[in-house]
Each structure stands twice: as structure tokens, then as C-alpha cells.
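Residues per chain are reported as follows:
2 protein chains.
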Amino acid sequence: MANITKKVSWSSRGDDRGERTPLLNGAEDSKLNRQLSGGGIFHIGRLSTVDLEEEITPEEDIIRSRPKEIPHNEKLLSLKYESLDYDNSENQLFLEEERRMSQMGFRCLEITRWVICGLIGLLTGLIACLIDIAVENLAGLKYFAVKQNIEKFTELGGLSLSLILWAVLNSAFVMVGAIIVAFFEPIAAGSGIPQIKCYLNGVKVPRVVRLKTLVVKVFGVICSVAGGLAVGKEGPMIHSGAVVAAGVSQGRSTSLKKDFKMFEYFRRDTEKRDFVSAGAAAGVSAAFGAPVGGVLFSLEEGASFWNQLLTWRIFFASMVSSFTLNFFLSIYHQKPGELSSPGLINFGRFDSDSVQYNLYEIPLFIIMGALGGMLGALFNLLNYWLTIFRIRYIHRPCLQVMEAMLVAAVTATVSFAMIYFSTECQPLGPDHTEEYPLQLFCADGEYNAMATAFFNTPERSVRSLFHNPPGTYNPMTLGVFTLAYFLLAVWTYGLTVSAGVFIPSLLIGAAWGRLFGILLSFITTSKSIWADPGKYALIGAAAQLGGIVRMTLSLTVILVEATGNVTYGFPIMLVLMTAKIVGDYFVEGLYDIHIKLQSVPFLHWEAPPTSHWLTAREVMSSQVTCFNRIEKVGTIVDVLSNTSTNHNGFPVVTHVTEIDEPSKLCGLVLRSQLIVLLKHKVFVERAFSRFSQRKLQLKDFRDAYPRFPPIQSIHVSQDERECMMDLTEFMNPTPYTVPQETSLPRVFKLFRALGLRHLVVVDNENRVVGLVTRKDLARYHLGKDGLEELQLAQT
Amino acid sequence: MANITKKVSWSSRGDDRGERTPLLNGAEDSKLNRQLSGGGIFHIGRLSTVDLEEEITPEEDIIRSRPKEIPHNEKLLSLKYESLDYDNSENQLFLEEERRMSQMGFRCLEITRWVICGLIGLLTGLIACLIDIAVENLAGLKYFAVKQNIEKFTELGGLSLSLILWAVLNSAFVMVGAIIVAFFEPIAAGSGIPQIKCYLNGVKVPRVVRLKTLVVKVFGVICSVAGGLAVGKEGPMIHSGAVVAAGVSQGRSTSLKKDFKMFEYFRRDTEKRDFVSAGAAAGVSAAFGAPVGGVLFSLEEGASFWNQLLTWRIFFASMVSSFTLNFFLSIYHQKPGELSSPGLINFGRFDSDSVQYNLYEIPLFIIMGALGGMLGALFNLLNYWLTIFRIRYIHRPCLQVMEAMLVAAVTATVSFAMIYFSTECQPLGPDHTEEYPLQLFCADGEYNAMATAFFNTPERSVRSLFHNPPGTYNPMTLGVFTLAYFLLAVWTYGLTVSAGVFIPSLLIGAAWGRLFGILLSFITTSKSIWADPGKYALIGAAAQLGGIVRMTLSLTVILVEATGNVTYGFPIMLVLMTAKIVGDYFVEGLYDIHIKLQSVPFLHWEAPPTSHWLTAREVMSSQVTCFNRIEKVGTIVDVLSNTSTNHNGFPVVTHVTEIDEPSKLCGLVLRSQLIVLLKHKVFVERAFSRFSQRKLQLKDFRDAYPRFPPIQSIHVSQDERECMMDLTEFMNPTPYTVPQETSLPRVFKLFRALGLRHLVVVDNENRVVGLVTRKDLARYHLGKDGLEELQLAQT
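Listed in order, the protein sequences are those of chains D and A. Residue numbers for the first sequence, in the working numbering: 1 to 795. Residue numbers for the second sequence, in the working numbering: 1 to 795.
Bound conformation, chain D alone:
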């Protein structure tokens, strides 16, 4: 029998530019033999007047657009990221199972989905509760110790000892947090939101939804918040919720080697993704007490195909999560049944009377939005440079831990200095809103104003800025605080600790927003109108957060739900929109920057607008490794073992005799499926003796999911290599295809709407001519000068 498996041809990529990173081996899906005219970057803008018929000759353009410096990482697409299979492989096994299932069976499945979503919400809520209580107590202990110390030394002198105590305590907490992250699970660093965005987008970020990641994340965030860093505990909740969802929905833990034999139907990427969306939503919901905001977050950042039933399930998970947190916290606070703290952060109730806004305030809000956009862009830019620096110089775990400890110590020092040099005193209010009032050099019955901002968890500081009565802060204090905290937050984000950026952003914004409000009341004569600087603090917080993360719809709802008052819905929207527009003018959002710096092949919502020039023929990988419907085991093993290609999807073609002619497509088989087949030795001695082939079930595939063994671990004897394998039952017989002339936007739409991993390009005769994968599409993006093509590299 003729073996028509196509070998990948290794044409060199014509590296005419010295600075171009050479394409390394290991491309997923034969991304190696590019035929795109001109290769690199070319300007569509310049080509727009060229007639369709003319050939594109972008040589000149390439020369002109040659970058002046070594390209940064964000001009690359990493090949190390695999994709997820969000399109069901509807092979015979799958269809048989679906057909065997009765209507009642489907109803049970649906109920199971709801139960799982309930569980996800419950567990996420409990985790949020754990984090909240742990942080509360640890921070409480720390501030109690430091406060006692300060009070002792205020009179005796020698406050530097207090500073040292504070710095050491902070560094100790942060050290623990940084060590577990740096040495045990680096993926748990940061907020995890970019990683979850990627996961929902269809990129398999290694180890992102593992149990170990969850444990490290949770303890990491407790340590870093307790360690007094300029971080929040909200972002990590989203990641935690996603991990919980990925774990619960599979009914087993691969790490713990425990299989509950439950939920086996859901052991595939499509179903898992849906639950992970629910988990992320539940995380947002628990973090901010914002169930609707959680749903919108999941949809805005993740899912592309909006399915009504799925959305309701996500909503249910969010709801349960917020309720669980609320319920258990109410018990912990010894007010059982009083459901008043639905989220980790509680902005406090905005009184109905003070929240009125007037028409003439709207331009002011818009100005604040623009300011937030600019400050956000500055934040992102500084953090971007810092991250580049970190990627280059601080990549060893011990260095990372040391940097984190340094930041903790500096944070303590700055805070201490601020409090020390602040001479402003405030009388202790009758309601004692301050948790840890520091008297320091103030008179009895007064406390240091700066301490409300620095000697406190960031959540409490935000709340003070929103609600403390006018006159609590003086403008100078706020200005200095804003500057100091801004710089600290920039430095902190991207450290190897588990921490979020929401709360620091809100805090910075609230500070300058309140400052803005106070200054307004100075300028105008009638003080009563601007009576409430808390209102401006809220608007400032929204502007700053919007300027940094650039979400609009979900963030509006999150903030509205967190404040518990819809009156501000409209100004918050306006502010977020303005901040986004202004910020986007300068630089991308923080999460997008970090995704780019990771060189993730992320698919945006739409193809770049000027990409109609490109067709599937130019985008696809043109030499595809195909298998026969009945293929020799040896060939399969060889192809899979070829580490230089590392393909994941193989079109299956009908058996034709001539080798050079492309053959008709009849299916698509995945690497993971082949691995399972090889592992179970599903061979026959000769071709066409199908009956002797061992019968595999879907269960075998599900048991192996998601950690399919590498091909190297599977031993195939020389005799077995001569056997044949019948792929008919296991391949997907109806893969989506497009003709070669399909334009890139059309391919993109199909790919994105259906969550594809491989799209087969066929000619007029239904013969395989190419394969489009995520990386082929993600390579094109709109730069400053038109359409750019990213390089692929094995970073």
C-alpha cells in the first residue's frame, strides 16, 4: 500500500533581515513553509491605491519599515502555546453516544450542568471567604503589632525601630508569597486575568487551571496583601474561580490522582471552557459582589458565541458565589443572616441624597475620564518598560523573590515616611470608622490623616476616600499620596507574587478624584454644590481603573453593583468610555500589553480591517501532513515523533496512488486522538481487516484527557509498526473547510465564531491544499503603519 503521507519540506525562510528572529523548529501545524509574498511587514495603507490585478511588490516597503532596534517580544508569536479544541470532534464514537442518549439523558446532562455551576459558585465563594478572613486576621495582627510598637516608640524616640519592624514584617509575608510563586508555580503570578482571557480565547496556557496553581494563588495572594503591597485580592479571585470550575467540572483531580467517576461527559475542551467562563464570572462576582458584572466580564473578555442557556448558567454560578461569600461572612462577623457584604470589596453604601449629580457636572466627569485615560496610559507604559526590564534581567527565581521583598520593604518605608512627615491630624470620629487609628504626634483624641491611607488595607483606604466626610483629607496629603502610590503600584504589578491591580487602580483614582473634588470646591464660591468629594473620588476611581484595564461595559456594571447604587451608572459609563478612548490613543490596556509580551497567539474579535487583501491561500500553511484513512502505524509514530514539526491536527485523505497529487479530504484527526489509539494498540495486522481492530470507546479518550502522554512514552514494537490503523471511526468526518480564495476576514469570522483549532483549506475538487491554524491568523495585526505580520518563534 502506498504511503502518501506528505513530508514537511524544510525550505529556509529567506532571512534577509538580520534582526529577524530565525524561525525555530517545533511549529504547530506546519507553519514552516510560508508563501506570503514578501514575508514580513508590509503596509496596506500604501497599497491601497494599487489595482487589484497588479502584483504586490513590497520590497521597498520592507526596507523603509525596517525597525531601528531589536524587536521586542511583542513582535513575536510564541510557538509554545497550543490551542484548545473548542470545536467538538464529531466522530463516529461521539455521534453514536449522542444518538444512544435519550431525551431524558440530555435533560439529566443539563441538570448536571446546573449542579456543577452551583458547586463552582459555592466553592469560589468559600475560597473568597477564606482569603478575606485570612487577610483580615494577618493584616490585623501586623497592624496591631506595628501600632503598639509605634505607640511605644513615639514617646521614647527611636521610631526607626518601628520602621524596621514594619518593613521586616512586610518583607517576611511577601517572601513567603513570592517563594511559593517563583519556585512552585510561576503561572500563579499576577492577577491571572490575562491568562484566563487567553484560555477563554482558546489558547492553552500551560498549567493555568491546575489545582497546584489554585493553592499557590490563594496562599500567594493572602501573603502579598497581608504583606502590605500595593495590590488587591480581587483579580486572583477570577483566576481562582476559573481553576475551581475546571477542576469541579471534570469530576476528578489529575494532580491528586483521584477520579470521582463523575461528569465524564464534560471531559473535553468545549464543555470545560463553558464551565471556566462560569468560574471566572463567579470569581468576579465574589470579588466585587457583582453577579451581573461577573457575567458581563466573562462575556466581554472571553466567550465569543453568546448562548442564552450558557449565560444563564454563568449567571447562576455568579449568584451562588456572591451569596455564599455573603452568607459565610455574615456568620463570621456574627451577624448571621444579614446579607450586607456580597463581595470582597465593599465600597460602602452611597447615600441617596449625596449621590445626585447635575447636568453641568457631566463635562467635569468627562475631563476626569480623559485624565484617567492619560494616567492609565502612563501607568501601562511605565509598567511595560519595567516588564521588558524584568524579562531581560530578572528571570531567576531568587532574584524575583528578592525584588518582591525589596518592593515590600520600600512600600513600608514610603508609607512610614509619609505618615511620619505628615503633620495633619484629624479628630477621631464618634463612629470610629478607622480600624487602626495612629495617634503618632497628634494630640489625644486625634489621629494621623496619612495613616488612614497608608496604615490600612487598600480596600479600607478606598472606602475611606469614598465616604469620609468633607475635610478629612487635605489636598497636599492626597497629592503626595497619589504620586507615591502610583509609583508603588506600577512597580508592584508584574512582581512574582499573586496579586491584582484593580484595588491599587481604584485607590489611585479615588485619591486624585477626591483631590479634584476638593480643588473644585476651592475654585468655586458656592461650596454646597461640591459638598461631597466622595462622589469625585468614585468617578476618579472609575476613570483610573478604566484607563488601566480598558474595560467598559462589564466594569460599569461591576462598579455600579459594588457601590450598590445605579444613579452613577451614566457618569461611570461616560467616564469609562472617555478613559478608554483617550487611553487607547497612547497605548493598549494593561492586560493586552502583558498578553502581547507573552507572545500569545491571541485572536481578537475581528480580523484587522485592512486584511481583505489576504486570502486563505496566503495565510495557510501550504504543505500539510496528511494521513490515509487506513494508515501504517509506523508512519503515524514517525510523524508524531518528529519533534521538529509537532503538529496537532492531521487531515485524513482518501487513498490515492500517485504521491504528488493532493488527495481528497475525508476527515481530520487530532494528535491527542492518535496518541490514545497508539496507547491502546488499536491496530490490525493487514489493511481492510477491520473486524479485528480493538474497539475503543469515548471513555478511553476522556480518561486520557487533558494530559495526553507524549509520543515518546508510548512503546511501539517493530512488528506493530508494520500494522495498520483504521482512522475512520475516530477522525472527525466533517471538518469545516474553506476554498483557497476565501478572504482573511471571512476565514477569521468562521474561526472565531466556531472556536476552531484547525481549518482545512481545499481546492475546487475538495483536495487538501492547506491548513489554517490560530497562529496563522493571530500573526496579522494592525500596527501604526498598517497591517503587520508577527514573527513566529519558539520562545
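Among these hints, one or two may not hold up.
Which copy? The list can't say, so a pair holds if one copy fits it or any two copies do.
Claimed, not checked - In silico lysine to aspartate or glutamate, EDC-like type, Cα no more than 20 angstroms apart, as pairs:
{"no.": "1", "residue 1": "784", "residue 2": "110"}
{"no.": "2", "residue 1": "335", "residue 2": "361"}
{"no.": "3", "residue 1": "147", "residue 2": "726"}
{"no.": "4", "residue 1": "147", "residue 2": "763"}
{"no.": "5", "residue 1": "257", "residue 2": "151"}
Hints listed in this document are in silico derivations from the structure and should not be mistaken for laboratory results.
Knowing the structure of chain D, use the given hints to seat chain A on it.
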């Protein structure tokens, strides 16, 4: 040159069942030669144990499941509904235009889209404003006249004259409203929400987004609300917003024959749909003051592909709409700049103290949700029977007008009787919350309690029920009111007037909810806990509305935004979920019932779960009318003129000589495109002399959109019939295709995710073997006994 155009074969459909409606001519997309084994209804549940290889023999099942009565309309799919083209026809003309456009051009387009969305919001807000002010004044006049009259006759006796005056006034208003709807634009009847749902789903409901519809809708709703019917003005706002959007985005009015030469790029179904989503959202936003709720409504009820940028634009339109209404109403109410009424309905501010709820109240809320679900199901069922009756007996416009007048008179009579026989008096509050307090037989300084509910616009009644202090209503009054209003509302929905069902639902629910709250305080001893029956009124309103319309996510947000307080978010969610689950057990939601009764080929979110049995081969229409790439004009005219087929999409195939062999697919051309080509006489004398063919531009297609002339209006001479037409430039060269073995769910997913109208089914050689259209997919739905197949009919 051989003409290989396939003629549709007219095989009889084997009407073995007497009650089966015979398939009439005029099927879109050759839906005539069905080959599905067994044809009619078959039970998947019973087949689930049958092995895959066996042939299905559902004869027995058909006999057993023979319906006992004449099938209602909802067992049919109407062929009169065309589909919309939500998939861009990416032909050469289109691609050339896109490629000519620079990056700046795309940016301008994007800005234009935002501007249009702003305009949509602005105009929708203004319309809402107009409706509000008109209703306010007309109702005010009416109630003033009646009140004067009643006061006059209360002492003199002869109150029957007052009743007559009231009934006549009501009937007069309603008559005007009913006449313009029944005689000028019947599509403007009802709330319009089902129609907009269909439009966004991809069904072309005739005349639904025309200017005339808008005018009739707006004046109709003013008349019916002023006429005192049990209706709201909120539902029609959604329809109005959609019409505004469809009009504004096209930059012209076909009805007024006015073309502003603007926004020509948006003259196609894909773009128009996006704007209509925005318009619907703006409508919701203006109706309820709920911008986020509007966005969610659009997404939950309409769009399937969630695109971030689109969502933001929708959000922007919503925002502007609510703001515009708010702004102009504030001027009208002579409090300019005080932005306190963001929607048509204003639930009033719930005070922060009274809105607390406790854990032990949650089971009560769930019980109320279940109650709402049951009452909603009852409402829907009664209305369903009534609608069937109306379809059969009340289809002449004058009868419809008379029915509407009758309902108006009865509503007045019932209201009057209620007020007359009610002996309950309430002291006039110091704040005079009552707009039209009726003293009637009460002592001075008191007013009739029933009059607050009946002698008032429904919006005000809802607000009274939410906010009046405890003790305002006695249980008896509320019980009788609930019953009377429930029956009136059932009777009213479906009348030939323009009116919505939201407010009556809320009012019914608020009434029994408040009753529930009052009864609770009777049962328990500690009255203070249940102090606020307004809380229960709100929950009851949510339950009743949820039980009737069965929305969850968007409705939660709408209610939260309308109450201006997020504290109730969680219980409202719970209640809506419960109401939906309980209600769905009995009968579908009101809108879905009405969509079904219209026999609209509506595509739900997913294929029925047990439909994996079916493949594209069984679902598709198997004899497809194809054209050659270069086709004789006469053939095209003949095919298009064939009124019995009325196809809309034609695969274009490569020229082959043998007639019987299916030929290779090379494109897809639409009827509308062919009409334009014929109209512009884009012919060549002989085949292959392409250069003499007149050059058409996209503009010609856009000018003809959306009212393409019928083929009968285009005169083609005998000479011209002999000419050839080259379709290469105009056909979509890359239509989506699927192989014959693709399962129905997979076809469905592709169809739904991409908004397709035609999906070509090809064989292994890329030859056309069939065509799948919306109706082929919508025919399958899950009935009580498994998968059912609907009949197609020309109703």
C-alpha cells in the same frame, strides 16, 4: 451551450395523514422534495435503543402519535417569511471596495457607526419623550373630565352617566388607535417585541422596520394608553427604537423617497441588523431607564455572535437614549438639569433602610417566584386560547376595531364597578401622592382606595403599590383588583392596538405581591419584620413578569436599574429563575407563543438535543436550482419568474456538459443580486465576450436595497433573453459548505453562529447535492414526545 439549470421536481409529499396540511407552492429554496425517512413526527426516545445500522421504521410511531384534533398553526412553518442575509456576500465587487479602502477609511466608518448609534439613541429618546408627554396630557384631560363628572353626579345621583362618559372616552381613544393599526399597518399591533426578536434572529418580517410602522406604532400606543386599556407604553418603545435604527442607519427613507446619500456603506442586512440591535437596546433603555438592561435585552433576545465593539456601540446608543429622555423630561417638568427620570416608567426610589431583606425571606421569595411562574403560565395559556380564537374568527379589521372598543368599554366598566362597590376610604396623605384622588362616597379629606389602582395610569398604580405606606390597601381590595386586572390584561394582549405587556404584568404582580406581604404580616405576630409590603410588591411584580415573558438576565438588570437599587438584585434573580423554571414546565413564554402562532421559522440557540440522528443529507433540499457561471438570461428570468419555487439563493456551478451529473460548486448568487443585474441589463451578446458587459458597482446594489423589485416588473425582451450573463463578479465565490454526513447540530451551529441564509451541501468531489436553509433547520423542534417535524405551509 448546454443549459444545466436543474428544474425542481414536483414529487407529491405522500400525504398519508388526512389532517396534514398539504404543502403549498412557493417554498423558498426548493423545500419541496423532502426525502426524510418517514416524513412526519417520529420519536427519538423510542429509537434510542435501535442500533445505528438499522433502518428507521417509524410507521407505527406515526400512527400512535396521530394528533386527535386538527393541528393548530404552531405545528406549521410559514413559507411567507423570507430570511435576512446576515452573512456578507463577499463577491469581487465587495472585495474590491474593501481593498480600495485605506486604514483611515475604516476608521471613518467606525466613527460613522458611533455617530449613527448616537443618533439612534437621540431619536429614540425623543420619541419616548413624545409618547410620555402625550400620554400624560391626554390621560390627564380624560381623568380630569371624568373626575369632575363623577364629583358632580356623586351628590346628584346618576353616576351611570359618569360611567358612560368614561366608557365613551376610553372607547374613542382606543377606536382611533385600533383603526390606524387595523387599517393602515397591522404589523404595528402588540408590543412588537416578538417581531424584533424574529428580525434579529434573521427572519424578514414584512414591513416591520418601516417608517409608517413607526408612526402608527407611536400614535397607536398613545391612544391605547390614554384609552385606559390594561397596557403599557414600554414594549412599543423597543419596536420604535428598532425602526428608528433601521431608518437612520440607511441614510434615506424609501417611504418618503428621500435619499440623503449618507451611510451608503451600511445598506445591507448585516450592518442594518447591528444597528437594529442598538435601536432595540435604546428602546429598552428609554422605556425603563436601564441602559445596561437594554444591552442585555438585545443580546439575550437577539444577537448570537457577541462582538465586543458592537456591544459597546449598543451600550452607547442605550446611554444616549436614556440620557436624552431624562434631559428633555427634566426640561418639560421645569426642573432642567435634574436628571431624575431616566425612563418612561419610574419605580420610584426604594429607600435604603426599607429594602433590607433577610436570609429567612429567601424561601418566601422563591415561593413567590413559583407562584409567579404558575400565574404567568395561566396568563399565557389563556392568552394562547384567545389568540387561536382571534385567528379563527376575528380577522377582519372592523371586527378587530370593535373588539378593541369593547375591551376599552369593559375596562372602564369594570374599573368603575370596582371603585363604586369599594367601600374603603383612605385619608388623603399630606404629600398628595395621588394624582387624581377620587372622593366619591368617602368623607371629606379621604379618597377611594380602589381608585388609586383603577383611576390612574398603570405606571402610577405600580408606583403606588411599591411605595405607599403599609395600610394603604386592604387585602380584599387587592385580591379583587388582581383578579379583575389579570383577566383584563389577558383579554387585552393581542388586541389590534399598539401596546405592551410589561406594565400590566408588573401591576398584577405588584398587587398580589403586596397582598402576599400583607397576609404574611397577618400570620406572624411580630409585625415589624414584615413592615414593608412594598418589598413584596416588587418581588411579586418581578415574579409575574418573569412568569409571563421568561427572560432572566436582562430582566433582572432592567428591574434593578428601574428600582435604582442593587440590593434586590439577588432576590430578583432568584425569583425570575424560579418563575422561568416553573413556567416553562407548563407552557412557553408569551413572546415565543406568539412567534409560534405566526409560524415563523425561528432558530433557537441550539439544535434540539436529540437531533444527532439527522444529517445534512436528510435535512437539506436535495434538488437545487443551480446556475452556470455564464448563464443565459432567459433561463435566469424563467427561474426567477417561477412563482411556485420562489427561491432566493442559487449555487453557481462550473460548466459541465452532462445534465444529470451534479457539477462543481463555484459560488452562490442571490435572487436580489440577479434582479439588480437584470434591471441594469448586464448582458453580453455571446458567451465569453466579457469585455462588453456593462460594469456594475456596489452602489447599484445598495440603491436597490432593501426593496428589490419583483421579477415581474422587469421587462426582458426576446432578444435579450438570448444574451448571456456573467455571474463571476457578482456571486459569492466562497460560500460556506458542509459535507452530506454533517450532523444536524453541527450544521445548526454553523448556521446560527454565522447568521447564514443558505448553506450549500456538497459531496466528496465538491459537487452541489443540496441546500440547507433556515426553514430546513427550524422545522425540527423538541416536542413532548421527542423530536417533531413541523409542516411547511403558505399561510
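Each hint tested on the structure:
Taking the shortest alpha-carbon separations for residue 784 and residue 110, only the inter-copy value of 17 angstroms comes in at or below 20 angstroms, while the best intra-copy value is 47 angstroms. Within a single copy, residue 335 and residue 361 get their C-alpha atoms only as close as 39 angstroms, which misses the 20 angstroms cut-off; across copies the closest is 16 angstroms, which meets it. Taking the closest pair of Cα atoms, residue 147 and residue 726 never come within 20 angstroms of each other, the shortest separation being 74 angstroms inside a single copy and 87 angstroms across copies. Taking the shortest alpha-carbon separations for residue 147 and residue 763, neither the intra-copy value of 75 angstroms nor the inter-copy value of 79 angstroms comes in at or below 20 angstroms.
Proximity of residue 257 and residue 151 under a CA criterion of 20 angstroms is satisfied in neither setting, with 52 angstroms inside one chain copy and 83 angstroms between copies.
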